[in-house]
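Student: Spelled out from the first residue to the last, the chains are:
Number of protein chains: 2
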Amino acid sequence: MPTPIKRTVFFISDGTGLTVEALGHSLLTQFEKVEFRQIRIPFLDSIDKAQDAVARINAQGEADGMRPIVFTTLIDAELAGIVHQADAFSMSYFETFLAPLENELGLKSSHTVGRSHGTADSSDYKNRIEAINYTLAHDDGITDRGLEEADVILVAVSRCGKTPTSLYLAMQFGLKAANFPLIPEDFDRGRLPGTLEKHRPKLFGLTIQPERLAQIREERRAASNYASLANCRYEIAEAEKMMRREGIRWLDSSTKSIEEISATILQELNLR
Amino acid sequence: MPTPIKRTVFFISDGTGLTVEALGHSLLTQFEKVEFRQIRIPFLDSIDKAQDAVARINAQGEADGMRPIVFTTLIDAELAGIVHQADAFSMSYFETFLAPLENELGLKSSHTVGRSHGTADSSDYKNRIEAINYTLAHDDGITDRGLEEADVILVAVSRCGKTPTSLYLAMQFGLKAANFPLIPEDFDRGRLPGTLEKHRPKLFGLTIQPERLAQIREERRAASNYASLANCRYEIAEAEKMMRREGIRWLDSSTKSIEEISATILQELNLR
Numbered sequence: 001m002p003t004p005i006k007r008t009v010f011f012i013s014d015g016t017g018l019t020v021e022a023l024g025h026s027l028l029t030q031f032e033k034v035e036f037r038q039i040r041i042p043f044l045d046s047i048d049k050a051q052d053a054v055a056r057i058n059a060q061g062e063a064d065g066m067r068p069i070v071f072t073t074l075i076d077a078e079l080a081g082i083v084h085q086a087d088a089f090s091m092s093y094f095e096t097f098l099a100p101l102e103n104e105l106g107l108k109s110s111h112t113v114g115r116s117h118g119t120a121d122s123s124d125y126k127n128r129i130e131a132i133n134y135t136l137a138h139d140d141g142i143t144d145r146g147l148e149e150a151d152v153i154l155v156a157v158s159r160c161g162k163t164p165t166s167l168y169l170a171m172q173f174g175l176k177a178a179n180f181p182l183i184p185e186d187f188d189r190g191r192l193p194g195t196l197e198k199h200r201p202k203l204f205g206l207t208i209q210p211e212r213l214a215q216i217r218e219e220r221r222a223a224s225n226y227a228s229l230a231n232c233r234y235e236i237a238e239a240e241k242m243m244r245r246e247g248i249r250w251l252d253s254s255t256k257s258i259e260e261i262s263a264t265i266l267q268e269l270n271l272r
Numbered sequence: 001m002p003t004p005i006k007r008t009v010f011f012i013s014d015g016t017g018l019t020v021e022a023l024g025h026s027l028l029t030q031f032e033k034v035e036f037r038q039i040r041i042p043f044l045d046s047i048d049k050a051q052d053a054v055a056r057i058n059a060q061g062e063a064d065g066m067r068p069i070v071f072t073t074l075i076d077a078e079l080a081g082i083v084h085q086a087d088a089f090s091m092s093y094f095e096t097f098l099a100p101l102e103n104e105l106g107l108k109s110s111h112t113v114g115r116s117h118g119t120a121d122s123s124d125y126k127n128r129i130e131a132i133n134y135t136l137a138h139d140d141g142i143t144d145r146g147l148e149e150a151d152v153i154l155v156a157v158s159r160c161g162k163t164p165t166s167l168y169l170a171m172q173f174g175l176k177a178a179n180f181p182l183i184p185e186d187f188d189r190g191r192l193p194g195t196l197e198k199h200r201p202k203l204f205g206l207t208i209q210p211e212r213l214a215q216i217r218e219e220r221r222a223a224s225n226y227a228s229l230a231n232c233r234y235e236i237a238e239a240e241k242m243m244r245r246e247g248i249r250w251l252d253s254s255t256k257s258i259e260e261i262s263a264t265i266l267q268e269l270n271l272r
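Keeping their order, the protein sequence lines are chains A and B.
Following our numbering, the numbering of the first sequence begins with 1 at its first residue and continues without gaps.
Following our numbering, the numbering of the second sequence begins with 1 at its first residue and continues without gaps.
Careful: at least some of the hints might be erroneous.
[Unchecked claim] Simulated coverage check for chain B against chain A, where a stretch passes if three residues somewhere in it have a Cβ under 8 Å from a Cβ of chain A:
#1 15-24
#2 176-183
#3 231-242
[Unchecked claim] For lysine-lysine, the following DSSO-like pairs were computed, each having C-alpha atoms within a straight-line distance of at most 30 Å:
#4 Lys126(A) x Lys6(A)
#5 Lys6(A) x Lys49(B)
#6 Lys49(B) x Lys6(B)
#7 Lys241(A) x Lys126(B)
#8 Lys202(B) x Lys126(B)
#9 Lys202(A) x Lys33(B)
#10 Lys108(A) x Lys49(A)
#11 Lys198(B) x Lys126(B)
#12 Lys6(A) x Lys49(A)
#13 Lys6(B) x Lys108(A)
#14 Lys202(A) x Lys126(B)
#15 Lys6(A) x Lys33(A)
#16 Lys202(A) x Lys241(A)
#17 Lys241(B) x Lys126(A)
#18 Lys108(B) x Lys49(B)
#19 Lys49(B) x Lys126(A)
#20 Lys6(B) x Lys126(A)
#21 Lys33(A) x Lys108(B)
#22 Lys126(A) x Lys198(A)
#23 Lys33(B) x Lys6(B)
#24 Lys241(B) x Lys202(B)
#25 Lys6(A) x Lys126(B)
#26 Lys198(B) x Lys126(A)
#27 Lys49(A) x Lys202(B)
#28 Lys126(B) x Lys33(A)
#29 Lys33(B) x Lys108(A)
#30 Lys198(B) x Lys241(B)
#31 Lys198(A) x Lys241(A)
Calculated directly from the structure, the hints in this document are not laboratory data.
From the three backbone atoms N, C-alpha and C, an ideal C-beta is built for every residue, glycine too.
Turn these sequences into a full structure, and let the hints steer you where they fit.
Tutor: Structure representation (structure tokens):
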């Protein structure tokens with residue numbers, strides 16, 4: 001096997017660096033043959049820190065024998081100028097896009113650092129915290145009180161990803177996401193639990209390939225009927241039959257990330 | 001008051017669109033005088049959908065009397081080409097950055113769509129799900145079993161943001177984040193709960209301005225001693241004294257977002 005190409009990548013931001021990292025990451029995944037060592041430098045907000053970053057980038061380049069790749073989102077032009085003096089291949093998100101956008105809008109940007117996540121005193125932030133609390137209190141059918149407040153109610157058999165998806169919807173979008181398990185009693189009765197029926201427009205189903213479900217359940221309760229492939233096939237078939245009959249929209253979570261499942265739900269339920 | 005400038009912005013992606021939205025949002029927040037109407041079009045993965053998007057953008061432009069602003073991350077060059085025919089001001093993340101990066105790496109990109117979030121069968125994804133389950137099972141001091149597995153243990157008085165921060169660390173970074181409340185008994189005893197002492201290197205504290213804490217607690221339990229400013233001042237002063245004495249790193253969460261708190265914890269504890 002040939003030695004993989006190795007490159008060091010820095011993500012540098014005056015904020016958390018999460019956005020520039022996500023962005024850079026989506027580009028890097030396009031180069032499968034390269035092994036990227038990724039370093040995030042968040043909260044770069046002073047000349048000292050900018051100079052430290054330059055020293056770190058240059059030292060890394062010498063150690064690697066190859067100049068590092070640097071992605072930045074730095075609003076302060078002076079700090080950006082210092083960081084871009086490093087001996088590196090630099091891609092600057094703000095410098096690239098801000099000027100054309102200023103031009104299009106006919107306005108100068110305010111050059112304010114760190115405004116991209118809502119802070120603790122904003123209403124956006126309060127909504128998120130409230131949504132997280134709601135979602136925790138309405139996980140796995142704990143209670144059917146307050147469902148009229150829910151933005152979405154996920155339904156699925158056990159271990160299809162209801163809880164992580166609900167929490168993501170709350171955390172990322174400030175949505176109140178309840179979730180309910182579909183259990184064999186529901187299938188025997190042949191209809192939705194009464195408490196859910198009146199909230200049908202807010203219901204969204206998750207399903208999964210039975211083989212994958214069996215594997216996930218096996219890790220939790222080995223050699224149980226619960227985890228057996230036959231039982232997983234039965235539960236999934238019944239759940240899909242019920243969702244089809246009740247007109248509940250649903251998706252197969254088998255090969256999807258939490259982000260993809262959540263974005264699909266938003267789109268399908270026309271939320272936000 | 002002058003009428004605010006209004007512009008419609010589209011975020012278009014072949015994936016969830018979350019990254020391009022975060023990106024665009026960080027630029028848009030630089031223009032406070034403009035009211036942006038933001039529309040996300042995720043999962044654009046066919047010629048039909050690309051043509052629909054063009055129709056939607058053009059219709060919006062006519063309705064607004066002003067061309068929309070379009071941010072895209074579309075890996076497929078044909079789809080990107082169609083979308084960019086719309087009568088809009090377009091900024092294309094991939095087209096702008098991919099070619100220079102190919103050049104630097106001396107490689108062609110694989111042009112594979114939708115690789116930026118780990119999917120359900122990746123080890124990264126399993127780690128995240130496991131971390132979320134761990135964090136839910138170790139919220140608010142529910143149990144002190146299994147703390148040796150924790151990557152980080154947050155400590156704080158009630159209502160400083162322990163739970164949302166723990167969940168974010170698990171969801172975003174796959175970290176096992178436990179959290180423990182600091183309660184008056186701990187202050188009376190004058191030292192950390194014994195169960196936490198042996199995990200000191202993993203401890204991280206949150207604090208908050210007493211005025212802000214009183215306000216948050218008031219919303220939960222109005223007119224209680226728990227929410228009174230005097231009690232909040234006492235608890236915060238004692239908690240900070242304890243953290244200082246025990247050498248626990250901490251931050252003030254008063255004006256920080258969950259993302260900022262989490263990124264700071266990662267940096268301070270040298271995680272990841």
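Student: Given as covered by chain A, does the segment 15-24 of chain B meet the bar of three residues or more with CB within less than 8 Å?
Tutor: With 7 residues closer than 8 Å to chain A, the segment 15-24 of chain B meets the three-residue bar; holds.
Student: With the threshold set at 30 Å, check whether the alpha-carbon distance from Lys198(A) to Lys241(A) stays at or below it.
Tutor: Holds, because 19 Å separates the two Cα atoms, which is no more than 30 Å.
Student: Three or more residues of the segment 176-183 of chain B near chain A by CB distance under 8 Å?
Tutor: It is violated, with 0 qualifying residues against the three required.
Student: Would the pair Lys241(B) and Lys126(A) pass a check requiring their Cα atoms to be no farther apart than 30 Å?
Tutor: Between Lys241(B) and Lys126(A) the Cα gap is close to 28 Å, so the pair holds against 30 Å.
Student: Taken at face value, is the distance from the CA of Lys126(A) to the CA of Lys6(B) at most 30 Å?
Tutor: Holds, at roughly 26 Å.
Student: Is Lys6(B) close enough to Lys108(A), meaning Cα to Cα at most 30 Å?
Tutor: Holds: Lys6(B) and Lys108(A) sit about 16 Å apart, inside 30 Å.
Student: Given the hint that Lys108(B) pairs with Lys49(B), does the C-alpha gap stay at or below 30 Å?
Tutor: Since the Cα atoms of Lys108(B) and Lys49(B) sit roughly 27 Å apart, the hinted pair holds (cutoff 30 Å).
Student: Verify the proposed pairing of Lys33(A) with Lys108(B), using a straight-line Cα cut of 30 Å.
Tutor: holds (10 Å)
Student: Three residues or more, CB to CB closer than 8 Å: is that satisfied between the segment 231-242 of chain B and chain A?
Tutor: violated (count 0)
Student: Does the structure keep Lys198(B) and Lys241(B) at a Cα separation of 30 Å or less?
Tutor: Between Lys198(B) and Lys241(B) the Cα gap is close to 19 Å, so the pair holds against 30 Å.
Student: Hint check: Lys33(B) vs Lys108(A), CA-CA at most 30 Å. Holds or violated?
Tutor: holds (10 Å)
Student: Quick one, are Lys6(A) and Lys49(B) close enough, alpha carbons at most 30 Å?
Tutor: Between Lys6(A) and Lys49(B) the Cα gap is close to 37 Å, so the pair fails against 30 Å, i.e. violated.
Going through the hint list in order, the structure does not satisfy hints 2, 3, 4, 5, 9, 19 and 26.
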